[in-house]
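Asks: From just these sequences and the hints, can you work out the full model?
Number of protein chains: 2
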Amino acid sequence: MSAHRPRGVSIMDVARAAGVSRQTVSNAINAPHKLRADTLERVSTLIKEMGYRADQSARSLRSGTRQVIAYLTPETDPANPNALMSGFLEAMVAAAGDAGYRILLVRQGPGQSEAQALEDIIAARTADAFLLSDVLDDDRRVDYLTEAGFPFAVFGRTRPGAPQAWVDVDSVQAMIDMVGLLASHGHRQVAFLGTSAELPWLRHRAAGFRIGKRRFGMVGLEAYVDGPDEVVAVARGLLDRLPRPSALVLDDDWLAPGAYAAAQAEGLTVGVDVAVTGFNDMPYTRLLQPPLTTVRLPLRRIADALVNRLLQTLEDGVPPEAGLLLAGEPVLRPSVPSVR
Amino acid sequence: MSAHRPRGVSIMDVARAAGVSRQTVSNAINAPHKLRADTLERVSTLIKEMGYRADQSARSLRSGTRQVIAYLTPETDPANPNALMSGFLEAMVAAAGDAGYRILLVRQGPGQSEAQALEDIIAARTADAFLLSDVLDDDRRVDYLTEAGFPFAVFGRTRPGAPQAWVDVDSVQAMIDMVGLLASHGHRQVAFLGTSAELPWLRHRAAGFRIGKRRFGMVGLEAYVDGPDEVVAVARGLLDRLPRPSALVLDDDWLAPGAYAAAQAEGLTVGVDVAVTGFNDMPYTRLLQPPLTTVRLPLRRIADALVNRLLQTLEDGVPPEAGLLLAGEPVLRPSVPSVR
DNA sequence: ACACCGTATTTGATCGTTCATATCCGCGCA
DNA sequence: TGCGCGGATATGAACGATCAAATACGGTGT
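Keeping their order, the protein sequence lines are chains A and B. In terms of the numbering used here, the first sequence opens at residue 872 and continues consecutively. In terms of the numbering used here, the second sequence opens at residue 872 and continues consecutively.
Simulated from the structure, these hints should not be mistaken for lab results. Any given hint might turn out to be false.
Which copy? The list can't say, so a pair holds if one copy fits it or any two copies do.
[What the hints assert, rightly or not] Straight-line Cα separation of at most 25 Å, DMTMM-like style, residue types lysine to aspartate or glutamate; simulated pairs:
| id | residue 1 | residue 2 |
| --- | --- | --- |
| 1 | K919 | E985 |
| 2 | K919 | D884 |
| 3 | K919 | E1018 |
| 4 | K919 | E990 |
| 5 | K919 | E1101 |
| 6 | K905 | E1093 |
| 7 | K905 | E920 |
| 8 | K905 | D1048 |
From a predicted model like this one, the values you see are computed outputs, not experimental measurements.
Replies: Written out as structure tokens, the structure is:
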């Protein structure tokens, strides 16, 4: 059953080879300033030569820190596939890596409550902190972690009053900016096509649209789709109205292929007769014809901020005072024409 | 600097509460059959009540097994964004989870060689095994891990002769099947549009196309694009030829939006005048208009097989005798019309 | 020469588990 | 009654590091 697994180079091996004690080797790594220059030199060389690295488990056991951030992978919604995850995760891996942390993927097991999945990690002291994304207004995971007093950070926002260890995109402002971009290209009749799901970030985008519309003196309707099959029909409905909107603002990139098809069905050319804009800057938006104007999320800056807040929480023992909003950046691509 | 981090419930706490020894509590978890029914019952209840879980670090240190699989995240190619990662990772997290393992994301640090990134994990005994994907024919990571004798498995294939701990999609057969599907819909003039990068999996797809073409008595050319900007032009070039191909076979879904645009520019309607097929079944292919016929990869079965092989390697100490090829499944969607 | 001091290094204890082995206990049998 | 046996439970050691405290060392000042 258990194969013989060889153990590697231990601190004692190095210590013996260098003719010093355990602790000196340990210090060479964790507190080099405590060693005399020549000792440090000698020990460091041996460490490198022998390929020594402190056993992560032993270090964790003694020191109490795991150098691991657990990410609870969100349930993927087949209707609205969250391909964003790859980009966000990548940014998180990089940001955490720079801080000496690694990301551990944790799923909510089948027939397991959110709390149980979290409890598993906490009780087994597998990670130092949690990272959550796609949180709802009233998210039980947030409640649970808060109550347990376990460090965590959120991509998204917690409800006001809850711990402020969150970082989010200022979707409202980003959408206002997007509408402003359309205004600057001469659009006045705009329409909003949204996903009907009641998700916080989608609500913010719709809110931003309304504010922008008012601020830039535009007019236009909103419509919502319940699933992928409705997109074309609902989008056509919007384009059919008179006066015809010259721009279609989507609350998410995933609606774009449907919107393009709707325009075509109406005899309109996207990027010429009608503008289409998205949100998220998914990789494939660049490939669409014409490439889609959309909002790019500053994933790397979000990840950096999340890691900072996490480390801060770990040091202080309490979450930061305030959440952080970062600006999303509208990226102008050919799907938005100028109108006279 | 270091906040006081409280330690949780330990095995001794439970032992004392139950009036038994450490080992009995340990056995209640790891070897329940060794306990008398009533003892087991009593101890188990307390374990649950007190929320006890073995400290992962302590357990790992003593037993030598980490219950962690490290996944070396591939460098993302901005030209051909690998959104597949999210689906594959998700499947891996589930498959590994079922086997009691978790996935740790590891990046190749900046200015760090592949070998160093691997060495870090191996020497610090952070993971029990590695998982690699996107391996090239002559992949240094495979060489390094083989030489180091560290357990690993590969999504993709290693070169013949190398350890056989791999699982891959039978892309050749999948592409043959796809061509067969086109044949069964009456297509005879086909064209192949591929990515010019010399990647093993892309070569297999092209090879499958050629075999299928011959087998089903079809005729047609191949063309390759160097980057996203060329897709439409090259696709139009293929559609321009006489006799005009009735089907455009892509080596990857990412080419689809460009192919659709090319068809439209030629005055052709995809799904009516011309068929387009992809490969990978990326989430957005379902959203395209018309939805794209493509090859679905059995991600969950791939993940299961990878985990199995990994566990087997861990137990036996040597990789399995042979690699494993799994069938990809062509998914018929409206982008493929029947021709008379 | 000796006490003193700060720095460099070593030593002993400990983190929480599992492994390997020892002890305990009840029961059947000579 | 005493012995052996096997299953249930307990004990000692070890995993490999860091923490906390002790000791060795080299130089100064008196």
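Asks: If you check each hint against the structure, which ones fail?
Replies: 5, 6, 8
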